[in-house]
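**Q** Sequence:
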Amino acid sequence: MTAVHARRHGVADLLTRTAARFPGKVAIVEGELRQSFAELDDTVSRAAGALAARGIGKGDRVVLLARNSHGFVVAYFALARLGAVSVPVNFMLTAPEVGYVLEHSGARAVLAG
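Residue numbers for the sequence shown, in my numbering: 1 to 113.
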């Protein structure tokens, strides 16, 4: 697989490609929230734009401190689209453990929710 081929078929494109194939299919169910692949793709695009406007870009490490949730999925794919690196952190870690990750990960930002 060439680097160009790999780039077109990586995590950053996965949601967009899936939304193109199955736009109306349900992608996320969280409580009362039901979001199709097309809607999720749009939400991720807007989140990526907001993160880029705040200076997050390619190669930046960003800690994701959240439960398994719609917000986590949106943040993960938004960061991938920007070429940023997600640093997922278990929300059940203690404050000192989270502090260790923050100190040693080189994270430029934290997204918590």
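Hints listed in this document are in silico derivations from the structure and should not be mistaken for laboratory results.
Just to be clear, a hint being listed does not mean it is correct.
What follows is a set of in silico ranges between Cβ atoms, one per label pair, in the way DEER data are often shown [said to hold, decoys possible]:
{"id": "1", "residue 1": "Gly99", "residue 2": "Arg17", "range": "29 to 39 Å"}
{"id": "2", "residue 1": "Gly99", "residue 2": "Thr16", "range": "31 to 41 Å"}
{"id": "3", "residue 1": "Val29", "residue 2": "Pro88", "range": "13 to 23 Å"}
{"id": "4", "residue 1": "Glu39", "residue 2": "Ala95", "range": "18 to 28 Å"}
Every residue gets a Cβ at the ideal spot worked out from N, C-alpha and C, and that includes glycine.
**Q** Indicate, hint by hint, whether the structure satisfies it.
**A** These are the hints, each one checked on the structure:
For Gly99 paired with Arg17, a C-beta distance near 38 Å keeps the hint of 29 to 39 Å intact. For Gly99 paired with Thr16, a C-beta distance near 36 Å keeps the hint of 31 to 41 Å intact. Distance hint for Val29 and Pro88: a CB-CB separation of about 21 Å, consistent with the stated range 13 to 23 Å. Between Glu39 and Ala95 the C-beta distance comes to about 35 Å, which lies outside the given range of 18 to 28 Å.
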